[in-house]
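Visitor: Chain F is already provided as a structure; the job is to place chain R on it using the hints.
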Amino acid sequence: DVKVTQSSRYLVKRTGEKVFLECVQDMDHENMFWYRQDPGLGLRLIYFSYDVKMKEKGDIPEGYSVSREKKERFSLILESASTNQTSMYLCASSPPPIREREGRETQYFGPGTRLLVL
Amino acid sequence: EDQVTQSPEALRLQEGESSSLNCSYTVSGLRGLFWYRQDPGKGPEFLFTLYSAGEEKEKERLKATLTKKESFLHITAPKPEDSATYLCAVGGSGGYQKVTFGTGTKLQVIP
Numbered sequence: 001d002v003k004v005t006q007s008s009r010y011l012v013k014r015t016g017e018k019v020f021l022e023c024v025q026d027m028d029h030e031n032m033f034w035y036r037q038d039p040g041l042g043l044r045l046i047y048f049s050y051d052v053k054m055k056e057k058g059d060i061p062e063g064y065s066v067s068r069e070k071k072e073r074f075s076l077i078l079e080s081a082s083t084n085q086t087s088m089y090l091c092a093s094s095p096p097p098i099r100e101r102e103g104r105e106t107q108y109f110g111p112g113t114r115l116l117v118l
Numbered sequence: 001e002d003q004v005t006q007s008p009e010a011l012r013l014q015e016g017e018s019s020s021l022n023c024s025y026t027v028s029g030l031r032g033l034f035w036y037r038q039d040p041g042k043g044p045e046f047l048f049t050l051y052s053a054g055e056e057k058e059k060e061r062l063k064a065t066l067t068k069k070e071s072f073l074h075i076t077a078p079k080p081e082d083s084a085t086y087l088c089a090v091g092g093s094g095g096y097q098k099v100t101f102g103t104g105t106k107l108q109v110i111p
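Residue numbers (the numbering used here), protein chains in the order written: chain F, 1 to 118; chain R, 1 to 111.
For the record, the hints were derived by calculation from the structure and aren't laboratory data.
All of these numbers come straight from a predicted model, not from anything done at the bench.
Think of the CB as a built atom: it goes at the ideal place given N, C-alpha and C, for glycine as much as any other residue.
Just to be clear, a hint being listed does not mean it is correct.
Derived DEER-like restraints, expressed as beta-carbon distance ranges [said to hold, decoys possible]:
1. S52/R - T15/F: 12 to 22 angstroms
2. E45/R - K13/F: 21 to 31 angstroms
3. G40/F - E45/R: 32 to 42 angstroms
4. S18/R - R114/F: 30 to 40 angstroms
5. D39/R - R44/F: 18 to 28 angstroms
In the DSSO-like style, the derived pairs of lysine-lysine whose C-alpha atoms are separated by at most 30 angstroms in a straight line are [claimed, not checked]:
6. K71/F - K18/F
7. K63/R - K55/F
8. K63/R - K79/R
9. K57/F - K69/R
10. K3/F - K57/R
11. K42/R - K18/F
Just chain F, same shape as in the assembly (with noise of 0.2 angstroms):
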């Protein structure tokens, strides 16, 4: 089975703090994801990366930068945490199509990180 295992299920912080949330996954995929999940807006992607070392813009990348040195290893920093962050943020990984059997593209998630910020 996939595991995508994330650092904290719940972390509190106060406003203009420095936050790193780790995302480890076991599967050797290549492509690992950041979203944030808030009520009504549904999953929105912030940054991906396809290889270590490389890395993509998603929807929503303002106030956020990410870090990939190892393959298995993914972490999402935010530079000067502000009230507007408080979210779930979730991480995932999925294989290339190519080595994908049970379906192309399908990303499997980690079990979330809740941020207050205060």
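Guide: Chain R in isolation, oriented as in the chain F frame:
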């Protein structure tokens, strides 16, 4: 821009009362349509991927179908443990690996 609309937003069923959830989409070049289940406070759990109109997939009491404009998730004789939010998502050709999610249907099954 790819779009996904799910209906209804919420659905309450009696145990054993079958129903369907709808996912309407517009996408430039469908690569795949995905269904996920999400329990409160948890990440989405993958259910199905559908690739082309006419395709169907089943898992226990769930059956997903796909047309050129929408997908249905049919729930047959649901049980309370089927209560969850069901998310639909589409992968289009507009961006590598980019997937657009709907806002979900929250299903509650009453014993």
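Visitor: For each hint, tell me whether it holds in the structure or not.
Guide: Structure-based check of each hint:
1. S52/R - T15/F: 12 to 22 angstroms: violated (48 angstroms)
2. E45/R - K13/F: 21 to 31 angstroms: holds (28 angstroms)
3. G40/F - E45/R: 32 to 42 angstroms: violated (21 angstroms)
4. S18/R - R114/F: 30 to 40 angstroms: holds (34 angstroms)
5. D39/R - R44/F: 18 to 28 angstroms: About 20 angstroms separates the Cβ atoms of D39/R and R44/F, which means 18 to 28 angstroms holds.
6. K71/F - K18/F: With a Cα-Cα distance of about 23 angstroms, the restraint between K71/F and K18/F holds, given a limit of 30 angstroms.
7. K63/R - K55/F: This hinted pair is violated, its Cα atoms lying about 36 angstroms apart.
8. K63/R - K79/R: Since the Cα atoms of K63/R and K79/R sit roughly 15 angstroms apart, the hinted pair holds (cutoff 30 angstroms).
9. K57/F - K69/R: Measuring from Cα to Cα gives roughly 28 angstroms; hence the hint holds.
10. K3/F - K57/R: holds (23 angstroms)
11. K42/R - K18/F: The given pair, whose Cα atoms are some 24 angstroms apart, holds under the 30 angstroms limit.
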